[in-house]
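Participant: Those protein sequence lines, which keep their order, are chains P and Z. According to our numbering, the residues represented by the first sequence are 1 to 358, in order. According to our numbering, the residues represented by the second sequence are 1 to 306, in order.
Because the hints were derived from the structure by calculation, they are not lab data. The model shown is predicted, which means the values in this text are computed figures rather than measured ones. Hints are supplied without guarantee of correctness; some may be wrong.
Chain Z stretches covered by chain P per the calculated footprint, using a threshold of three residues with CB under 8 Å from any CB of chain P [unchecked claim]: (1) 5-11; (2) 200-211; (3) 230-242.
On the chain P side, residues computed to face chain Z include the following (Cβ under 7 Å) [stated by the list, open to error]: (4) H40; (5) D60; (6) K202.
Where a beta carbon is used, it is the ideal one built from N, C-alpha and C, also for glycine.
Take a look at the letters that make up each chain.
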Amino acid sequence: MTRYVKYIAAAFLAIMLGAATAAEDPTRVAFVYVGPISDHGWTYQHDQGRLAVEAALGDDVVTTFVENVSEGPDAERVIRQLAATGQDVIFTTSFGFMNPTVKVSEQFPDVTFGHATGYKRTDNLTTFSSRFYEGRYVLGQIAGRMSESGIVGYVASFPIPEVVRGINAFMLGMQSINPDAQIKVVWVSSWFDPGKEGDAAKAMIDQGADVITQHTDSPAPLRVAEERGVYAFGQASDMIAYAPNAQLTAIIDDWSGYYVSQIEAVRAGTWESSDIWGGFNTGMVAMAPYTNMPDDVAAMAQATVDKISSGELHPFQGPLYNQEGELVVAEGETLDDGTLAGMNWYVKGIEDTLPSSN
Amino acid sequence: MDTFTAIFLTVVSASTPLLIAALGELVVEKSGVLNLGVEGMMIIGAACGFAAAITFDSLIMGFIGGMVGGAILSYFFAVLVLNFATNQVATGLALTMLGLGVSGLIGEPFAGVTIQSSPMEFLSFVGEIPVIGPILLGMDPIAYIGFALLIGVAWFLNSSRAGLILRAVGDSPTSAHTLGYDVLRVRLYAILFGGACAGLAGAYLSIIYTPFWAREMTAGRGWIALALVVFASWLPFRLLVGAYLFGAVTILQFHAQGAQIAIPQQFMASMPYLATVAVLVIISASRNRAKANTPASLGRVFVPDR
């Protein structure tokens, strides 16, 4: 009997010790970034999320990151390296990391993965993105009010659904103010090339655009707008420091809440793979302060944000026509998330020809 | 400013860094050394130039800083390939990686800062000249320095005694050595000149072109400069044509897109490279013509006592 007690006590002790070490063992979280954390845009905002995780969970987490990872074979190597060296949670934060993340997640079932802006999930790979298009609709409305020439220049990166959706939302917002507004789209085939992005902005300003917006990551188009005396919007983060007289507002990606909740779920053991697509209502998308515009334009923009947030307004609500003029969404209906996620067509009024993304 | 002037000025600013970096590399290759580290020296120039411009609050100090930064990095390359006779290709590639890394370190405190560049005031009278007046006025000083450098390099290589020695060193270092010329010293000067040019081109990118510092902001322009030297078949004035062709195609494809002209942009983007391949084919089709300008011992290690 005493021997029994001894065994039970020893087992108990072992469990206690195990539990104690588990509690002291911090969750190791790694982030894979496509750009430099100093880009003051997309990657910068993700890194702000990482810092928020550190601030919220303190000693319970150890975070690390790899920046400037190119969207190719290198990405898989980096992700596997992180998974193999004891990271518990790995977030990959660019669309092009999708397939490598899926592949590594299947090889490391005990590691939790999160991929931003993708659509492929596994049991231990979750996806998340923001409904940036809600913000772009608001930018479109502001551009509709602020542009005198009615021509807006759009510096675009690659013809993936995310970008096409943004262009469409912007156009719909602008058309809601000025039905005759035109949009010029220039594809620079890069997420981050300050020289090219700036040159594209210059080309469109020379062709009469007086508001510039972008779906690339550097502040170069804003700088060009500042120099040429036209308006522009910041990308992914508040870029007012680069263009104090040109920035009207910016769509801010706020990933902090999402990252913190994911890590808390992992630690609590309640984590499961899901698809989070948050908009204004979740705080994942926010607008920078409205600057360089009259008060009534700012008030209109804020009213639109509130309407989208409450669900009263959907940027893609019918009647909605495609470029060929065919009715895509009937009056009173809205475009479903599946179609939005794979959007590869322009709405009516955009004269650009969508480059093939294959 | 009319559209033509505006487009032309954008082309000039896109071409200038390519021209300056390629001119430096042309001199290096004419001395028989292949330095593949142009991208690295350019990005170091961009970081050092921007840092100097902000620290000393002077654009001129910025350009000097960029040149010094590029030259210092190229000095490492020179020590390795000249004194230790390392493989030039491998060392050049290593230089690019080193430059990309170190530039991030140098530029880190300056991320998020911008420079207010002012247009030239002292030439305001030329603005009165029709057609070319606004173009002359609109070009920045570095574009003029690029032209001056082009004329200087062409004169140096073709008409000066020192240029003749440099070409001799590049064609036949053994003969030059036998004649009593210090091959390694000539090559060192050429490499430092190439570094300074790449640094200046990089500083132009961060100080005038964008103008801000961002990591990897050269985005492959150093490699284009390398391709340009081959495109120009080592002739300085063809380099001018090449640089402006690259610049013009880049800018014009944006204008074509903005004007909804249906040319596939991937095709336009690959145009300059197709042109380079075409030139390579033409050069190699006629062996004599190719040999006339190609430095005969390009990329070959020379050790004086061997």
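Participant: Hint by hint, say whether it matches the structure.
Facilitator: Verification of the hints:
{"no.": "1", "hint": "5-11", "verdict": "holds (count 3)"}
{"no.": "2", "hint": "200-211", "verdict": "holds (count 4)"}
{"no.": "3", "hint": "230-242", "verdict": "violated (count 0)"}
{"no.": "4", "hint": "H40", "verdict": "holds (5 Å)"}
{"no.": "5", "hint": "D60", "verdict": "violated (29 Å)"}
{"no.": "6", "hint": "K202", "verdict": "holds (5 Å)"}
Violated hints for the displayed structure, listed by number in ascending order: 3, 5.
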